[in-house]
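2 protein chains.
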Amino acid sequence: MSILVLGTVALDSVKTPSGARKNILGGSAAHFAMSARLFTDVHLVAIVGSDFPKKYIDFLKRKKIDLSSLTVSRGRTFQWKGKYEGDLNTAITLDTRLGVLPEFRPCVHDAQKKIQFIFLANVDPDIQRHLLEKVACSAFVGLDSMNYWILHRRSSLLRLLKAVDVFVANDQEARLLSQEANLIKAAKFLINQGPRIVLIKKGEHGALLYTKDFIFSLPAYPTDKVIDPTGAGDTFAGGFMGYLASVKRINQANLKLAAAYGTIAASFNVEDFGLDGTSYLNKRDLGKRLIQLRKYVAF
Amino acid sequence: MSILVLGTVALDSVKTPSGARKNILGGSAAHFAMSARLFTDVHLVAIVGSDFPKKYIDFLKRKKIDLSSLTVSRGRTFQWKGKYEGDLNTAITLDTRLGVLPEFRPCVHDAQKKIQFIFLANVDPDIQRHLLEKVACSAFVGLDSMNYWILHRRSSLLRLLKAVDVFVANDQEARLLSQEANLIKAAKFLINQGPRIVLIKKGEHGALLYTKDFIFSLPAYPTDKVIDPTGAGDTFAGGFMGYLASVKRINQANLKLAAAYGTIAASFNVEDFGLDGTSYLNKRDLGKRLIQLRKYVAF
Chain A
1 MSILVLGTVA
11 LDSVKTPSGA
21 RKNILGGSAA
31 HFAMSARLFT
41 DVHLVAIVGS
51 DFPKKYIDFL
61 KRKKIDLSSL
71 TVSRGRTFQW
81 KGKYEGDLNT
91 AITLDTRLGV
101 LPEFRPCVHD
111 AQKKIQFIFL
121 ANVDPDIQRH
131 LLEKVACSAF
141 VGLDSMNYWI
151 LHRRSSLLRL
161 LKAVDVFVAN
171 DQEARLLSQE
181 ANLIKAAKFL
191 INQGPRIVLI
201 KKGEHGALLY
211 TKDFIFSLPA
221 YPTDKVIDPT
231 GAGDTFAGGF
241 MGYLASVKRI
251 NQANLKLAAA
261 YGTIAASFNV
271 EDFGLDGTSY
281 LNKRDLGKRL
291 IQLRKYVAF
Chain B
1 MSILVLGTVA
11 LDSVKTPSGA
21 RKNILGGSAA
31 HFAMSARLFT
41 DVHLVAIVGS
51 DFPKKYIDFL
61 KRKKIDLSSL
71 TVSRGRTFQW
81 KGKYEGDLNT
91 AITLDTRLGV
101 LPEFRPCVHD
111 AQKKIQFIFL
121 ANVDPDIQRH
131 LLEKVACSAF
141 VGLDSMNYWI
151 LHRRSSLLRL
161 LKAVDVFVAN
171 DQEARLLSQE
181 ANLIKAAKFL
191 INQGPRIVLI
201 KKGEHGALLY
211 TKDFIFSLPA
221 YPTDKVIDPT
231 GAGDTFAGGF
241 MGYLASVKRI
251 NQANLKLAAA
261 YGTIAASFNV
271 EDFGLDGTSY
281 LNKRDLGKRL
291 IQLRKYVAF
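In order, the protein sequence lines correspond to chains A and B.
For the first sequence, the residue numbers in the numbering used here are 1 to 299.
For the second sequence, the residue numbers in the numbering used here are 1 to 299.
Errors might be hidden in some of the hints.
Here are the simulated DSS-like cross-link-like pairs (lysine-lysine), alpha carbons at most 25 Å apart as the crow flies [what the hints assert, rightly or not]: (1) A:Lys248 <-> B:Lys295; (2) B:Lys288 <-> A:Lys295; (3) A:Lys225 <-> A:Lys81; (4) A:Lys81 <-> A:Lys55; (5) A:Lys185 <-> B:Lys288; (6) B:Lys64 <-> B:Lys113; (7) B:Lys22 <-> B:Lys113; (8) B:Lys185 <-> A:Lys185; (9) B:Lys288 <-> B:Lys64; (10) B:Lys15 <-> B:Lys81; (11) B:Lys256 <-> A:Lys295; (12) A:Lys225 <-> B:Lys188; (13) A:Lys256 <-> B:Lys15; (14) A:Lys225 <-> B:Lys185; (15) A:Lys295 <-> B:Lys22; (16) A:Lys15 <-> B:Lys185; (17) B:Lys83 <-> A:Lys185; (18) B:Lys188 <-> A:Lys295; (19) B:Lys212 <-> A:Lys295; (20) B:Lys288 <-> A:Lys188; (21) A:Lys295 <-> B:Lys248; (22) A:Lys225 <-> B:Lys212; (23) A:Lys185 <-> A:Lys225; (24) B:Lys185 <-> A:Lys288; (25) A:Lys185 <-> B:Lys15; (26) A:Lys212 <-> B:Lys83; (27) B:Lys295 <-> A:Lys212; (28) B:Lys256 <-> A:Lys256; (29) B:Lys295 <-> A:Lys295; (30) B:Lys256 <-> A:Lys288; (31) A:Lys288 <-> B:Lys295; (32) B:Lys288 <-> A:Lys256; (33) A:Lys248 <-> A:Lys64; (34) A:Lys288 <-> B:Lys283.
Calculated directly from the structure, the hints in this document are not laboratory data.
Only chain A is shown next, with the shape it has when bound in the complex (with noise of 0.2 Å):
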């Protein structure tokens, strides 16, 4: 089935100790949607200014993701400027520029309004909520947010959990919802508050999948060669929904195999700057690792 992303597409200058690349294609919904591609078709619901190079276009089409509800409005493309450090674990935002994000009200045309499986990529609660009121009641629906708004947005954010099926946080901002120290403990907290379903990313430690019937943890697929961790934790949800999205039933295997195609996926985002490390990938390449990730982890 076909799967609709909201989130930003954005231009990213990112500095980390293995060189630099400025303004290279970024944003929530462009990482998202290059792992999510593998397995279904993709619908990409964002916004960008128009100064956004047109060979990023080409780039997206060429890929075969639909740009039917991209807006092109007069402004700046949102941007992004940070840099990693040490274990490369935390961003560190040097500069954020809004630009035209925002005025942004997405909109999706009627045949759009009809698919089953949607995610909310990281931009504010409200515009978030907007699209979701549009989107057909049946879909199975994911979240991503960010510390910003869990901090500034909660009570937004926390009835937004209740309307939707997977919730998506890394560690941290686990914590910070929940208020809680405790992994499994937020896990809970957060699972009390609507999702079915709450996958945790923690970055070179893995993923942990809880949900009302069992648990799951699942190392991250060992890698020596960090160049680039941004969209990492984008690229991971777009595994892990596009993969489900292409399945029959969502059931516990499936669930237990969509997370770990996102952090097979999420591996090669991080090996190269930018897309760079997923915008050449096919399924094969995902299967090869998969197979190893199961060694990795079975005794």
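For chain A, the structure is supplied; the task is to place chain B on it using the hints.
Coordinates of chain B only, in the frame set by chain A:
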């Protein structure tokens, strides 16, 4: 086969969000022994002062720990005072009183010199080497250390690494000793120093087993009851080494199972203060959680 552990036996005073305890039995060798004893008979090599409470001697004897090489010296027992906050991942040392520890010259009797499983828990690397020179050169040797020795006795420690089979470290220590931020690179560095097995403990994030032949990753056993993590790493090492001492062959399957038993033993350790979480443990308790852990990672 028997196992011999060199390390500290200490009086710990600890404060955590769940409460506080004063002068409870602790130390690397005591925590190690409490899990290793579930698999084999344990010989403890350590020093305590003349103030060491008889009730703790009696307790260790009741747990069938061989104390024939426990030196009781005039002076005070090693004392550690610390606290944990927030996610309880890092101990904050408030006070350390070495007492009789600096005068420690480990002695083992002839029968103990033939023991084939040796664990050098965290003490001065010179004391560790001193013991290593006395035991069978065919022995399977595990080594642990800590930040203090890595910073102040780096070359002694690196020399010692050449003479052991397993190096056990937490993620901070592995990064500090290897001077690599990436944990896979850190493990590669460590394995190139001599040991054929590197076991990196990551607290709530589980453990990484790195060998020349395979990599194995394991999450921590999911518990929302973290009372006192003091000694969790030593308890892990005790389960790991204890299981290896109890099997016929040290192969991939058994090394993975050993890491799983270490994980399980550590999960019981953190659920109560000091040795309270492990002192009444039996193999059936371990077995039950092992089944859970298998489910928790299988996909």
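Status of each hint after checking the structure:
1. A:Lys248 <-> B:Lys295: holds (23 Å)
2. B:Lys288 <-> A:Lys295: Between B:Lys288 and A:Lys295 the Cα gap is close to 23 Å, so the pair holds against 25 Å.
3. A:Lys225 <-> A:Lys81: holds (22 Å)
4. A:Lys81 <-> A:Lys55: Given that 25 Å is the threshold and the Cα spacing comes to 20 Å, the pair holds.
5. A:Lys185 <-> B:Lys288: The hint holds at about 22 Å.
6. B:Lys64 <-> B:Lys113: With Cα atoms ~19 Å apart, B:Lys64 and B:Lys113 stay inside 25 Å; holds.
7. B:Lys22 <-> B:Lys113: violated (36 Å)
8. B:Lys185 <-> A:Lys185: violated (32 Å)
9. B:Lys288 <-> B:Lys64: With a Cα-Cα distance of about 23 Å, the restraint between B:Lys288 and B:Lys64 holds, given a limit of 25 Å.
10. B:Lys15 <-> B:Lys81: At roughly 8 Å apart (the allowed maximum being 25 Å), B:Lys81 and B:Lys15 satisfy the hint.
11. B:Lys256 <-> A:Lys295: holds (11 Å)
12. A:Lys225 <-> B:Lys188: This hinted pair holds, its Cα atoms lying about 13 Å apart.
13. A:Lys256 <-> B:Lys15: violated (38 Å)
14. A:Lys225 <-> B:Lys185: holds (9 Å)
15. A:Lys295 <-> B:Lys22: This hinted pair is violated, its Cα atoms lying about 44 Å apart.
16. A:Lys15 <-> B:Lys185: holds (21 Å)
17. B:Lys83 <-> A:Lys185: holds (21 Å)
18. B:Lys188 <-> A:Lys295: holds (19 Å)
19. B:Lys212 <-> A:Lys295: Given that 25 Å is the threshold and the Cα spacing comes to 15 Å, the pair holds.
20. B:Lys288 <-> A:Lys188: holds (23 Å)
21. A:Lys295 <-> B:Lys248: holds (23 Å)
22. A:Lys225 <-> B:Lys212: holds (18 Å)
23. A:Lys185 <-> A:Lys225: violated (33 Å)
24. B:Lys185 <-> A:Lys288: Satisfied, since the Cα-Cα distance of roughly 22 Å is no more than 25 Å.
25. A:Lys185 <-> B:Lys15: holds (21 Å)
26. A:Lys212 <-> B:Lys83: Violated: A:Lys212 and B:Lys83 sit about 34 Å apart, past 25 Å.
27. B:Lys295 <-> A:Lys212: holds (15 Å)
28. B:Lys256 <-> A:Lys256: holds (21 Å)
29. B:Lys295 <-> A:Lys295: Holds - the C-alpha atoms of A:Lys295 and B:Lys295 are around 15 Å apart, at most 25 Å.
30. B:Lys256 <-> A:Lys288: holds (22 Å)
31. A:Lys288 <-> B:Lys295: holds (23 Å)
32. B:Lys288 <-> A:Lys256: holds (22 Å)
33. A:Lys248 <-> A:Lys64: Cα-Cα ~23 Å, so holds.
34. A:Lys288 <-> B:Lys283: Measuring from Cα to Cα gives roughly 37 Å; hence the hint is violated.
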